[in-house]
Amino acid sequence: MTPPGDADVLVVGAGPCGMTLANLLGVYGVSCIVIDRDTEVLNFPRAVGIDDESLRSYQGAGLVDDVLEDVIQNTTIRYYTSWGRLLAHVSPSGRPFGWPRRNLFLQPLFEAALRRGVRRFPHVDVRLGHELVHLEQDDEGVRATVKSAQGEPATLRARYLVGADGGKSTVRHEVGVPLTGTTAPVRWLVVDVAEDRMEGLYSAVHCDPVRPVLTIPLPYGHRRFEFKLRGDEDEGDEDAVTRPENVRALLAPLYGSTPLPTVLRGRVYLHHSRIADTFRSGRVFLAGDAAHLQPPFFGQGMNSGIRDATNLAWKLAAVVSGRAGERLLETYDTERRGHAAQMVGFATRIGRMYSPWSRLTERLRTLVFRAVSRVPGGRDYILQMKYKPMPRYVTGALAADPARPRSHPVGKMFMQPYVETGSGAKAKLDDVTGPWFALVGVRFDPAEVLEPEELAWWQALGGTVVQVDWPRSESRPLNGGARPGRSRGDTGTALVEDVDGAFREWQATRPGDEFFVLRPDRYLAAVSDRLGAGAALRDLRDVLGGPGLDRAH
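The numbers in the working numbering rise by one with no breaks, and the one at position 522 of the sequence shown is 522.
Be aware that a few hints might be false.
[What the hints assert, rightly or not] Derived pair list, reagent style PhoX-like, types lysine-lysine, alpha-carbon separation capped at 20 Å:
id, residue 1, residue 2
1, Lys426, Lys412
2, Lys426, Lys388
3, Lys428, Lys412
[Unchecked claim] Computed Cβ-Cβ distance ranges for the label pairs, DEER-style:
id, residue 1, residue 2, range
4, Arg265, Thr183, 49 to 57 Å
5, Pro471, Gly434, 40 to 48 Å
6, Glu330, Arg265, 23 to 31 Å
7, Gly256, Pro209, 20 to 28 Å
Just so you know, these hints were derived from the structure itself, not from any lab. Positions of the beta carbon are idealized from the N, C-alpha and C atoms, including for glycine.
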C-alpha cells in the first residue's frame with residue numbers, strides 16, 4: 001500500500017524507544033522516517049539496565065546478538081543497611097522469556113547498534129539534525145514542519161506520527177497532552193567513571209537515611225554511582241557539587257585503598273513520577289519518556305519505552321498493511337498506559353526503600369525484609385525479582401472474556417522455552433515462530449482442525465503455525481515420519497519437540513491449554529483447547545477488525 005505522503009510512519013526521536021520502533025517497523029515492512037535534532041549518539045550513558053523483555057524485543061527485531069556484544073548479562077543486586085549489613089540479595093536465575101532478567105550496558109554503544117540495525121531496511125530513513133517545529137493532523141494523516149541544523153524548513157507527511165522525543169517532548173506539547181504527576185523535592189548526583197577497579201560485578205545499594213548510594217558496574221571498566229544530595233548540597237549550584245574534588249571526596253570511602261577511577265562526568269538530576277493523560281491523540285502517539293517519566297531506581301524507564309515501541313509497532317504494521325482496522329490502534333493506550341503507571345508507582349516506592357526517612361524507619365524496613373525472607377517462598381520472591389510488576393492486559397487486542405480470572409494466561413507474555421528443530425538443534429521458540437503472529441498447538445497441528453476459510457484468513461494475515469510434541473526417540477518419529485522442524489505436508493506447519501519440558505509443565509497445571517494464539521509482541525491473544533481453535537481465531541479477527549472470517553460460522 002502506498003503511503004499518502006513521505007512515509008507510513010514518522011518517528012520523532014532517535015533514542016532507544018524511537019530506534020526500537022524503527023527497527024521493528026523495518027522488520028514488518030512499514031515505510032518509516034525518523035528525525036532527531038542531534039546528529040550523533042550522546043557520548044554518555046543515561047540508562048544502564050536492560051531486561052529480558054527488551055532483549056526478547058530485539059530478538060524479534062533481529063538485533064539481539066549485536067546488542068548482547070556490549071552487555072554484562074545476568075547481574076545481581078545487593079542491598080545494604082546503613083550499618084553495612086546485607087539486607088537482601090537479588091539474583092534472578094530463571095529465564096521464562098528466553099533471556100537473562102537483569103543486564104547492564106553502556107547506552108552509547110547500545111544506541112549505535114540500533115542505528116546500525118535500521119541500515120538493513122531501504123524503507124527506513126533516519127534524518128539526523130532535523131527538529132520538529134510544528135505538526136498538524138487530519139483524517140488522512142499528519143503534516144510535520146521540521147527544521148534542519150542549518151535552519152532550513154521542510155514539510156514531511158505521514159499516515160501516523162510517534163513522539164519518542166523525551167521528557168520535554170515537542171510532540172506532546174504540540175498535541176496538548178498534559179504530563180501529570182509529581183517531582184521529588186530532592187536532587188541526586190549521578191557520576192560515571194572509567195578505569196574502575198572496584199571488586200564485584202554486582203550492583204550495590206546502600207540504603208542510608210543520611211546518604212543513600214547506588215553503585216552499578218558497567219562494561220569495559222565503567223561504573224555508575226548515584227548519590228542523594230543533602231540539604232546544604234541540594235541548595236547549592238550544580239557546578240559546585242560536580243567539582244572534581246567534591247566528586248572524589250564522595251568516591252573515596254567506597255574505594256578505600258583501591259585507586260580511584262577516572263571521573264567521566266557528574267550531573268545533578270531531579271526524579272519525576274509522571275505519566276501522560278493519554279498516549280494517543282488522533283494519528284499521533286506518545287512513547288517512552290514522552291509518555292511517562294519514572295525515577296531510575298529499578299532501571300525500568302528505558303525498558304518501559306521499549307515495551308511501548310514493541311506494542312505499537314505491530315499494530316501500526318497491521319493497520320497500514322490493511323490486515324487490521326483502525327480501531328486496533330485504540331488498544332495501544334488501553335494496554336500500555338496502565339502498566340506504565342504501575343511501573344512509575346513501583347519505581348517511586350523502590351526509591352523510598354533506598355532512602356528511608358529516618359533510622360527508625362530504616363530499622364522497621366529491615367525487620368520487614370527479614371520476616372519476608374523467613375516466610376516460605378518469601379526469599380525466592382526477592383531473590384528471583386518476582387516483585388517486578390509484569391504487564392497483564394485485561395482489555396485490548398485480546399479475545400474478549402469478562403469472566404476471565406486474574407490467573408488466566410491471556411493478556412500475559414508467553415514463555416519462550418527451547419525446542420528441538422528438525423536438524424536436532426535446540427532453538428528458542430520465537431526463532432521458530434518468527435516475528436509476526438503465530439499459532440502453537442500442543443500435540444496437534446492447528447492447521448488440521450481449522451476450517452478452510454479460517455486457515456486461509458490466517459495465511460493472509462501472514463501468521464505461522466507450529467506444532468509442539470513431547471520428545472520421542474528417533475525410532476518413533478513424529479507423525480509417521482516427519483522430523484521436528486520440517487514442514488508437514490500441505491499445511492506447512494513447523495514441527496518441534498518440547499525438549500525443556502516447559503509445555504509439559506504448563507499442561508500439568510492447565511491441561512486444557514492446547515492452542516495458543518501469539519501476537520507479534522509475544523503476548524497471548526487467546527488460549528483454548530483444540531476444539532476451540534476456530535472460535536479463538538474468530539475472536540482475534542474481531543479484535544483486529546480487518547477483512548476475513550464470518551463470525552456466524
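Here's how the hints hold up against the structure:
1. In summary, the hint linking lysine 426 to lysine 412 is not supported, as the alpha carbons are separated by about 25 Å, beyond the 20 Å threshold.
2. Taken as a hint, the lysine 426 and lysine 388 pair is broken in the structure, with Cα atoms around 29 Å apart against an allowance of 20 Å.
3. Between the alpha carbons of lysine 428 and lysine 412 the distance comes to roughly 18 Å, so the proposed pair stays at or under 20 Å and holds.
4. Against the hinted window of 49 to 57 Å, the Cβ-Cβ separation of arginine 265 and threonine 183 comes to about 23 Å, which falls outside the hint.
5. In this structure the hint that proline 471 and glycine 434 lie 40 to 48 Å apart at CB is violated, the actual value being about 23 Å.
6. The given range of 23 to 31 Å is broken by glutamate 330 and arginine 265, whose C-beta atoms sit roughly 42 Å from each other.
7. For glycine 256 and proline 209, the Cβ-Cβ distance of about 23 Å falls inside the hinted range of 20 to 28 Å, so the restraint holds.
In this structure, the earlier hints numbered 1, 2, 4, 5 and 6 are contradicted, and the remaining ones agree with it.
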